[in-house]
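If you read the sequences in order, they're chains P and F.
Heads up: the first sequence begins at 1 in our numbering, then just goes up one per residue.
Heads up: the second sequence begins at 1 in our numbering, then just goes up one per residue.
Rather than coming from a laboratory, the hints here were simulated on the basis of the structure.
It should be emphasised that the depicted structure is a prediction, and the values quoted were computed from it without experimental measurement.
Do not rely on the hints blindly, as some may be mistaken.
Claimed, not checked - Example chain F residues on the side facing chain P (calculated, C-beta under 8 angstroms, incomplete):
1) PHE25
2) ALA63
3) ALA64
4) CYS65
5) LEU70
6) ARG73
7) TYR93
8) GLY221
9) GLY223
10) THR229
11) PRO239
Claimed, not checked - If you want the footprint, here are the derived chain P segments under chain F, 3+ residues with CB under 8 angstroms:
12) 32-43
13) 94-100
To be verified - Sample of chain P residues with no beta-carbon within 12 angstroms of chain F, all distances over it, derived:
14) THR143
15) ASN227
16) GLY241
17) TYR256
18) VAL267
Virtual Cβ for every residue (Gly too), placed ideally from N, Cα, C.
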Amino acid sequence: MAEFLDYFRMERLPHIWCPGCGHGTVTGALVRAIDKLGLDKNNIVLVSGIGCSSRAVGYLDFDTLHTTHGRALAFATGVKHSRPNLKVIVMMGDGDCAAIGGNHFIHAARRNIDITTIIMNNSIYGMTSGQYSPTTPQGMLGTTAPYGNVEHEFDLCELAKAAGASYVARATSYHVTLLQEVIEKALVNKGFSVVETLTQCPTYFGRKNKIGGPVELLNWIKDRTVNVKAAAVMTPDKLKGKILIGELHKVERSEYTADYNEMAAKVQRTFATYEGGNRGCASNSD
Amino acid sequence: MAENVRLMQGNEACTMGAIAAGLDFYAGYPITPSTEIAEICAEELPKVGGRFIQMEDEIGSIAACIGASLTGRKVMTATSGPGFSLMQESIGYASLCEIPIVIIDVQRMGPSTGMPTSPAQGDFMQARWGTHGDHPVIVLAPGNVKECFELSFKAFVLSEKYRVPVIVLADEVISHMREKVVLPDPRSYRIPHRAEPDSPAGYKPYAADQDGGVPLMAPFGKGYRWHCTGLFHDETGAPSGKASVADALVRRLDRKITKNAEELTDYFAEDMEDAEVVVLSFGASAMAALSAVRRARKAGLKAGMLRLKTLWPFPDAAVRKLTAGAGTIIVPEMNLGQLALEVERTAHKDAKVIKLGKVNGELFHPDEVFTALKEAF
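So here's chain P without its partners, still in its complex pose (with noise of 0.2 angstroms):
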């Protein structure tokens, strides 16, 4: 436990997240996947948008970069493009990632850039007190969704696949040992790594929606879920509205910081001459 403390800014400490939230479980799960892989602290950049998801990082003893609404991903594409050495992760929320964010998060999928990220997906957006966001289930209440959620919801998993991630999986602030097992593959994974995690927003969603406290939310979670190695032997019957969990994708795919150094040693290998600055015009006057 002590030892876990040490990733903490323990002066920045207590957060600001409601009592039952899910989002210090996932918070929790990072460290020890860090920890576990014995990661150099200083070297992570650790890279967050706008939400209570986004404010995990301003607890934590990394360089932090708390951005713009869904724009992590692209501040994120910054840092990594310009040092590919950092270990860089993204910690977003639903709305964060999927609705303002939803462009970057497909093309650095699609760039495969060795970015770690955390999805916080409570089917809600929080921090404004509980509108319908583009993961929360078609039916269910937000206060912008009085009468029910008339859309349908996105598939995160399935987008990033399709979208060109490397490393994709889902686990739940329930599933805490699945959580931290899949964030430490996604850690390792070189390419754009995504973990999806459910988590309980009692304050709004659970409220709103009449499904109790933290501990029915969790159980709630728990009962949608079931994880993919059980699903290969169910029915279809049985697999019916139920999410799967667990390593849902996993590929071999170039990493695009590693594809632009290629590119630029082959260009500075032509232009082994060129003194820079000037487009090689120095010293003739044409």
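With the hints as your guide, set chain F onto chain P.
Chain F only, in chain P's frame:
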């Protein structure tokens, strides 16, 4: 060594000025009339160990630049009106978080898609006030191709020194025009870089005196482990909701630029000493204006030319002093009178300010300014 004389396009000169100043990261999204800047960066940066990336939109472009700047890179993006509007939120972020970044805005006709891609100067106010909240920015306006090189270089010097976004406000004419340029000897370049701390021990990322000091900036990945947030923050970087912290922060950021306004002032002046009618302009409009002023002088009229190279902070003191003896100030600009508003605010109370706005997508003809000059006498 032979003189380095080149026939250059404005956008090319902007890019070369930036590379001379140490540019080593560019993120952008294609938009006319700025695209040559991205194309040249894509070609040149890999040769010098720099990084180029074409992002998915302008919002992502400026965000990637800010992320790169935090790792110690010298960064730039270029765009035009529609993309510049998309970048505004992050310009605010860079202003508050004090991230050095250079943005080239090659102005085109607007609002909206407008008349692509005819010249305009309608971003004069957007460049200053486009993002929400009181915030520091510096805006420079080149008036010819050589100045594209010089002011782009200078934008990095100022951005690194003051840790602010610096906007180079060019326009379609200046940026696509080709002129002879004599480039300085590359060995004479003094590459600017933000002041960095010596050691992580006791580092406070936003410690600065309240009289507009500039804090030391640690690069990410070097053991400082600091927190950068767009929330108001105290000197340790911790988010704060305290009124006293907010007030001190916003005032320090403002003071950082306003107290140096005179040092930041840059302009071109001709025949101003005894000028009774002054033509005050910037960018491409000033080219036609200068031609008209010279013709007026030949005709015996006491006309003078003042072309601003620093648009923001607005050079109040210089404009006030230089126009003190003028009865009339004519302000030609390719918009409906944005610069003229600042001139009205600044000039002496008896001065007559004539707004010569042009919004048809065409550059001023010297005759138009000359006619206005004759009428003013």
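Verification of the supplied hints:
Nearest Cβ of chain P to the Cβ of F:PHE25: about 6 angstroms, under the 8 angstroms cut. The hint holds. A least Cβ separation of about 4 angstroms between F:ALA63 and chain P falls short of the 8 angstroms threshold, and the interface hint therefore holds. Hint status for F:ALA64 relative to chain P: holds, with the closest Cβ pair at about 3 angstroms, below 8 angstroms. Given hint, F:CYS65 at the interface with chain P, holds; its Cβ is 6 angstroms from that chain's nearest Cβ, closer than 8 angstroms.
Here the hint on F:LEU70 is kept, as its CB sits about 7 angstroms from the closest CB of chain P, short of 8 angstroms. Contact between F:ARG73 and chain P, as hinted, is supported at the beta carbon level, the nearest pair being about 5 angstroms apart and thus within 8 angstroms. The beta carbon of F:TYR93 is positioned within 8 angstroms of a beta carbon in chain P (closest approach about 6 angstroms), and the interface hint is therefore held. Because the closest C-beta pair between F:GLY221 and chain P is about 5 angstroms apart, less than 8 angstroms, the hint holds.
A hinted interface residue such as F:GLY223 counts as satisfied when its beta carbon comes closer than 8 angstroms to some beta carbon of chain P; here the least separation is about 4 angstroms, so the hint holds. Hint status for F:THR229: holds, given a least beta-carbon distance of 4 angstroms to chain P, under 8 angstroms. A hinted interface residue such as F:PRO239 counts as satisfied when its beta carbon comes closer than 8 angstroms to some beta carbon of chain P; here the least separation is about 6 angstroms, so the hint holds. As drawn, the region 32-43 of chain P meets chain F at 3 residues by the rule of a beta-carbon pair under 8 angstroms; at three or more, the given contact holds.
Proximity of the region 94-100 of chain P to chain F, defined as three or more residues with a beta carbon under 8 angstroms from a beta carbon of that chain, is not established by the 0 residues found. The beta carbon of P:THR143 is kept farther than 12 angstroms from every beta carbon of chain F, the shortest such distance being approximately 24 angstroms. With 12 angstroms as the threshold on Cβ separation, the claim that P:ASN227 sits away from chain F holds: the shortest Cβ distance comes to roughly 34 angstroms. Even its closest Cβ contact with chain F, about 34 angstroms, leaves P:GLY241 beyond 12 angstroms, as expected for a residue assigned away from the interface.
The beta carbon of P:TYR256 is not kept farther than 12 angstroms from every beta carbon of chain F, the shortest such distance being approximately 9 angstroms. The beta carbon of P:VAL267 is not kept farther than 12 angstroms from every beta carbon of chain F, the shortest such distance being approximately 4 angstroms.
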